[in-house]
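For the record, the sequence lines run as chains R and A.
Here full-length UniProt numbering is used: the first residue of the first sequence is 1, the next is one more, and so on.
Here full-length UniProt numbering is used: the first residue of the second sequence is 1, the next is one more, and so on.
Hints may contain errors.
Identical chains blur together in the list; that is why a pair holds if it fits in one copy or across any two.
[Said to hold, decoys possible] With a cut-off of at most 27 Å between alpha-carbon atoms, the simulated DSS-like pairs for lysine-lysine come out as follows: (1) Lys71 <-> Lys107; (2) Lys331 <-> Lys308; (3) Lys107 <-> Lys122; (4) Lys363 <-> Lys353; (5) Lys182 <-> Lys331.
Bear in mind the hints are in silico, worked out from the structure with no lab data behind them.
Number of protein chains: 2
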Amino acid sequence: MTKRILLAAVAALALPLPALAQGAAHDPAALRDAALKDDFAWEITEGLTTEIGQRLAATEAETRARAWAVKKLTALGFRNVRIETFRMPLWVRGAETAEVVGPSAQKLVLAALGNSGSTGPKGVEADIAFFPTLADLQAAPAEAVKGRIVYIGNTMTPTQDGSQYGYFGGARRAGPNLAASKGAVAVLIRSIGTDHHRNPHTGVTNWAKDVKPIAAAALSLPDADQLERLLRRGPVRLRLLVTPEFKGEAESGNVIAEVPGSDPSAGIIVVGGHLDSWDLGTGAIDDAAGVAITTAAAKRIMDAGQPKRTIRVVWFGAEEVGGFGGAAYAKAHANERHVLAQESDFGADRVWKFEVNLPEGAKPIANRLATVLAPLGISRGRGTAHGGTDVGPIINTGVGVIDLSQSGLRYFDYHHTPDDTLDKIDPEQLRQNVAAWTAMLAVTANAPEDIGPIAKGGGE
Amino acid sequence: MTKRILLAAVAALALPLPALAQGAAHDPAALRDAALKDDFAWEITEGLTTEIGQRLAATEAETRARAWAVKKLTALGFRNVRIETFRMPLWVRGAETAEVVGPSAQKLVLAALGNSGSTGPKGVEADIAFFPTLADLQAAPAEAVKGRIVYIGNTMTPTQDGSQYGYFGGARRAGPNLAASKGAVAVLIRSIGTDHHRNPHTGVTNWAKDVKPIAAAALSLPDADQLERLLRRGPVRLRLLVTPEFKGEAESGNVIAEVPGSDPSAGIIVVGGHLDSWDLGTGAIDDAAGVAITTAAAKRIMDAGQPKRTIRVVWFGAEEVGGFGGAAYAKAHANERHVLAQESDFGADRVWKFEVNLPEGAKPIANRLATVLAPLGISRGRGTAHGGTDVGPIINTGVGVIDLSQSGLRYFDYHHTPDDTLDKIDPEQLRQNVAAWTAMLAVTANAPEDIGPIAKGGGE
Chain R
1 MTKRILLAAV
11 AALALPLPAL
21 AQGAAHDPAA
31 LRDAALKDDF
41 AWEITEGLTT
51 EIGQRLAATE
61 AETRARAWAV
71 KKLTALGFRN
81 VRIETFRMPL
91 WVRGAETAEV
101 VGPSAQKLVL
111 AALGNSGSTG
121 PKGVEADIAF
131 FPTLADLQAA
141 PAEAVKGRIV
151 YIGNTMTPTQ
161 DGSQYGYFGG
171 ARRAGPNLAA
181 SKGAVAVLIR
191 SIGTDHHRNP
201 HTGVTNWAKD
211 VKPIAAAALS
221 LPDADQLERL
231 LRRGPVRLRL
241 LVTPEFKGEA
251 ESGNVIAEVP
261 GSDPSAGIIV
271 VGGHLDSWDL
281 GTGAIDDAAG
291 VAITTAAAKR
301 IMDAGQPKRT
311 IRVVWFGAEE
321 VGGFGGAAYA
331 KAHANERHVL
341 AQESDFGADR
351 VWKFEVNLPE
361 GAKPIANRLA
371 TVLAPLGISR
381 GRGTAHGGTD
391 VGPIINTGVG
401 VIDLSQSGLR
411 YFDYHHTPDD
421 TLDKIDPEQL
431 RQNVAAWTAM
441 LAVTANAPED
451 IGPIAKGGGE
Chain A
1 MTKRILLAAV
11 AALALPLPAL
21 AQGAAHDPAA
31 LRDAALKDDF
41 AWEITEGLTT
51 EIGQRLAATE
61 AETRARAWAV
71 KKLTALGFRN
81 VRIETFRMPL
91 WVRGAETAEV
101 VGPSAQKLVL
111 AALGNSGSTG
121 PKGVEADIAF
131 FPTLADLQAA
141 PAEAVKGRIV
151 YIGNTMTPTQ
161 DGSQYGYFGG
171 ARRAGPNLAA
181 SKGAVAVLIR
191 SIGTDHHRNP
201 HTGVTNWAKD
211 VKPIAAAALS
221 LPDADQLERL
231 LRRGPVRLRL
241 LVTPEFKGEA
251 ESGNVIAEVP
261 GSDPSAGIIV
271 VGGHLDSWDL
281 GTGAIDDAAG
291 VAITTAAAKR
301 IMDAGQPKRT
311 IRVVWFGAEE
321 VGGFGGAAYA
331 KAHANERHVL
341 AQESDFGADR
351 VWKFEVNLPE
361 GAKPIANRLA
371 TVLAPLGISR
381 GRGTAHGGTD
391 VGPIINTGVG
401 VIDLSQSGLR
411 YFDYHHTPDD
421 TLDKIDPEQL
431 RQNVAAWTAM
441 LAVTANAPED
451 IGPIAKGGGE
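So that you can see chain R by itself, here it is in the shape it has in the complex:
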């Protein structure tokens, strides 16, 4: 059940913003160039990661983060700033240690995967069953797995479009369930990442309804290398202690802010990122940067004058642990006319391409985007925009989407690790993002074309 908390700022709901001449005020190229000197995005990223730190979904820290967000969005001058809460299952990390037993006795560095089961306080000790890939585990008979600690190798490399995450991430998302179903006592995976530091990459794993969760954790990449070197020498026995807990239902929420448009019939453009983070780092690239970039861009449009369409900024809650915020938003706002929805959730490195999924009549928008984004080093990609976890549910109702794709070459070095901290954000690249989003909003929020539902998605 979604409950809306309406804050003082909502009183401003019906007040119009300063009505400037739109043509001049929203010149996309001028706004884009001004945004290359943006400070709002840095202030938001720095503030949220410093003053709150980690923001695991449904914890007290995420609650503090929502209060921080409301204060910041109100101070920036947005209208209709509010929190929309929802309930969800809470999972929290416990102890996590692993040590090789025997003549090469040594500790390994690991982190439990989100939704991991527990070994219990005494831990488990067992031999490793090694599978280089998820497919090898799939092909293995149960007797090769039963009673063992399964280890899945699976080496991802950096790509600009981050596309390897979908494939290699399978070992994390599906590997533990598969191992448990074959009788493993626990699962370790090589972190789904591309770095060479001793910081493991967490992330959710999924369990089938009839499978009892077992302990599931990721080894840092150097520790995965180390384990594989030991396995090449002979059998390896491991002592493992992983004690996270499921704590039942708890409250999370989305934070919403608006730049009201002059033409309510023209529909709403949703932009945003997610407010929650994993618990290991301070969630700078994932996803303080995303809320910061999209908020800064909306702020720049707002300050230049009222747009035609309403821009709604959403700081989604509980993305990491299962996309609860995006689902709650789509459910709560199913009856509104959304025309576009897009998120920033891939760090803060330079945008290098854009792709669209627009209804027939709105297709000229893409050409105008190409012109205004080109000076930022951004060209049109060969594919179709698909949005992401947070806007997925609303896009699925037939809403158009534009992807501003950031470089993924560094992203999986830090993703879901203790290393996702402010120092990984390059202020110059962050500004390029704000400029791209500002230009995109200047074009789309004022586009004369009707941006109707897209046929493919189904419509409202």
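Go by the hints and put chain A onto chain R.
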């Protein structure tokens, strides 16, 4: 008291190595070029870091490492392979957590410094007293420190010669003692490092006899940045738990192996590195690489034929925690004629310069070194060689030294952190090191000049 354990290999003490014609066999340029394809150094580095892992001085793991070393050095064909043990104080890490208290509640990542005292099992909670540098702490009145957790900032940057370590390392070596003497309840320092990862840099701190050790730990660099951002916003209160223990005296040891020379009167050349490591990583760059490089070079000389001078390879124990191995070696071998002593203890990146400290009659050696090292991209530096912790005590008795200086631009990214692992070694640069050491040994072990004691140091 130093006790010698003579192993089976010692039976070979008096047997000569195959007597080849030295002139052709030890052509420095030919040996240098062959060493550019060396595999010995990689095998040693990979084996020691994989099969043993961390090797904290005087622990069971360091004992296992000595056994590993004897086996490896014997298998490589060295003569007089033996362990020389000594006793020393043992310090071991306990729990270590820190959390900011209050509205920005969050955990910080830290590691106790070697020789740190304990907060006790209940920890301490206190306000932070911030000092940007050690000099600021020095200048502060005791009332600004008493009852507080002192934090020392102090930002080091990468340099090719690593020279900033001497200056900035002062905050680690002397800061805790100074803070304790002014009444601090605990001390945190910004890690003495140059990276941007959440892996703290440990290392020893020193206490005056009349000062009771307090808890002393290093924050990872992103956590130090975070703490400083919070301190800029106002007072910060911290809860700290650091519980290492001093465990009394325990056994450590040096591992020694030789390439016996044909002319005992020409003196001994000592080369080596240290076998022990900090407990957080697997001690790949610090200092598996050092023992590997020097051993591989000595092996290449040995395999080419008997040199004039004896080359003695020493894998020193207990360097990190106070240079106990180097001191024990100098004491045990004070009556032997050492003519040169040099160590490799600065990682495995390329050697870029060399410097010497040679007695008057041996100075032409430096010119021959310049010629043979130039093709490796190594030129003579402007300074005088000074050796390092392990060979310092023997050098101080009037022994000559040659420094083959590696690039330090990456070294302090990993130094004393969990991140000091095998993947930080570039095999190509490792081979360049072996080539440089091989060429140096080919020149010095067969130099016709007498390499007498150097006047400055005092002599035996």
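Up to 27 Å CA-CA - lysine 331 versus lysine 182, copy category: For lysine 182 and lysine 331, the Cα distance exceeds 27 Å both inside one copy (37 Å) and across copies (61 Å).
Up to 27 Å CA-CA - lysine 107 versus lysine 71, copy category: between (44 Å within a copy, 24 Å between copies)
Up to 27 Å CA-CA - lysine 353 versus lysine 363, copy category: For lysine 363 and lysine 353, the Cα distance is within 27 Å only inside one copy (17 Å; across copies 62 Å).
Within, between, both or neither, where lysine 107 and lysine 122 count as close if Cα-Cα is 27 Å or less: both (17 Å within a copy, 25 Å between copies)
Intra/inter-copy verdict for lysine 331 and lysine 308 if alpha-carbon distance must be at most 27 Å: Result: close within a single copy only, 25 Å intra versus 85 Å inter.
Figure legend: structure checked against the earlier numbered hints; the only hint not met is number 5.
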